[in-house]
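Chains as they are written, first to last, in this note's numbering: chain U, 1 to 350; chain Y, 1001 to 1345.
Keep in mind the hints are simulated off the structure, nothing from the lab. Built from N, CA and C at the ideal position, the CB exists for glycine as well. Errors might be hidden in some of the hints.
[As the list claims (entries may be wrong)] Here are a few chain U residues that face chain Y, going by a calculated C-beta distance under 7 Å:
hint : residue
1    : Phe152
2    : Leu154
3    : Asn245
4    : Gly258
5    : Leu262
6    : Asn310
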Amino acid sequence: MTESRNDTDSTEAGLDLGSGADLSRWRTVLARRTEGRAVALLVVVATVALVLEPIVFTSYEVTLGRLALIGLVALGLTAVILMGELDLAVASTLAFSGVVMASIDNLALGILAALLGGLVIGVVNAFFVVVVGINSFIATLGMLFFLRGAAFVLSGEEPVRLVAREAGIAFGRPLIGPLSPRILIFVIAVIALQVFVTRVRAGREFYAVGGNRQAAYDAGIPVRRRVYTGFMISGFVSALAGVINTLERTAADPTAGGSVLLASFAAAIIGGVLLNGGRGSIVGTLIGAASLAILQVALTLSGVQVDVQNIVIGLILLIAVITDPTTLRVVLGNARALFRGSSQAQPEPG
Amino acid sequence: MKMRRARVVGLMLAGAMVLSACAGDDTADDAGATDDAAADDAADDGAAEGDTFEVYALLPQGNDQPYGTTYLPPFEATAEELGLNLTITNSQYDADTQASDCEVAVAAEPDGIILWPAVADTIRPCLEAADAAGIPVTITNSDVLEEDQALTAGYSGPDTYGQGVASAELMCDLAGGEEVGIIMINGLTGNTTAIDRENGFEETINEQCSNVEILARQPGNWNKDESQIAASEMITSVGIENIDGAYAADDTMVAGVIDAFKARDMAVEDLLITSIGNTFLGNPLVLSGELDGTVFQSSSWDGENAARTIYEVLTESPDERLVAFMPDVKVTADNAEDPAVAPEW
């Protein structure tokens, strides 16, 4: 469905131009992109920040750190949303995996167990969605509560401190130039997921599964396996974020991730990822997360209270949804129908 | 064409709203623009006295909590008086957000940082980063772990462990050697203040009056409704006949506990109930005899001394860590009307 819609857009774009094959190709490529609004927002936010709080860019490692904090979970979430599913358990997975990791004295074993736990959580989520047939919203909502409770029980309702505290502190220090391991891992995750969803067949099939699931079945795409893969990516990336947070804070907090769910969804939506699936990109989510990160850092530097920050983010989210081409089409269509209806309903003069 | 035009309009609208929101924030923000002006004034007024200081205050709450609402005005007023130009953040008890706020603060290179830890176990990296940047950090409201104290220049605020101790001492006095069973409502799970108060209360009970038995415990998350539900569930599980009283980690929650008791037709006046806070909610309960005792916590003292402590550090560079504990005044029906313990929040 979505693919064909994009094709139509691009064809129209080509017909409008009528000449110049290269230009037409560029227009086709641009018409397929979904990151337009995110780029526009990024430009606006970056410009405002540059004028009001240039430290956002001079201390870019701080801004990149915030980007990695917001963006990592959003990347995994994008894999799920592309298939038209939701994963509400990402923040709880983050908290749970952190507690699992900190509860194991051996650091390497703890990290391994936490990441493995993330994969298992993804498998269980996908099982409920694919095999049991529960809506992903409900299935992952249940998982959200289960994992949050499990994190509290496992931690004894207190933060769990790393045995290797010094290793955690060392992990938080810059590794290459001013870049910390968190930022480097985030960059690797962006590249890996971007390559996966654009260059690897299994990843590209995410779009087909999200665009039209029945058509994907008919085309012989292993839809169930793709859904499993998507949830496993989301679980793994969330667990990875939990591991990084726990290492950097030198303790696992069972209440962690309070702001992660909203921020990661916001980044994906602002980045042009369609919640119904089939449309969006990792790059879009990256740009969406970058916009949010710059905005948050600039507002924090300006001393703007978190409540006001939330208002701004909420507004941007609303604008992102309203300015979605599909939504705009519906709104304009409804408006036209309304005007036509009212003009037809007017009594004939005389 | 129309669709393209609509997209452009949408984008322009988005840009305009973001720009106006950012511009509006500056004017609406108390901690930003107001303090800028205050700092300018202070600079003008206090030219003879000397400097103004840029200070980041990394708090886990603000106007979203009753305590924060009454903490901030005296904090900001004292800061203005002392020439501190405040930038205030609110992590809403999210340790990751506070850590990120700390990175931002260190990058801004202020003269000092006031930190109210969201989760004390997680702020070591923040303290190290500030230390490495040569920025002094003072702690407010809830102290850091003992091994992290060397990285901080001072602490002002309640002795959260001592508050639990004081509330337990009230309970021990009320029990008077009788075998007593109580239920316990604690604060937000994992929160440092909640943990300290719980430990202070329980350890004192064990040491001073082992005749008081904690029959069951649940978190009330600093929330009246949640503590009422938790208390109601504990009454069911433990049995009305076994409950002689309750301890709640603050007055907001104890109000919920008392409502839960009333809902089960339990004679609240006959039960032994203690708490911490002496707030607008708790003080009338003490006067009515429903709450037997609470421990006064002054949010204005807390806010004011947060500003004074960092100022002292910045102007006097003391060799030793400054510590200013809020006095733990026990409030019962005998002194609940004393102006010295008039509730503030």
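| task | Provide an ascending list of the numbers of those earlier hints which the structure does not satisfy. | result | 2, 5, 6
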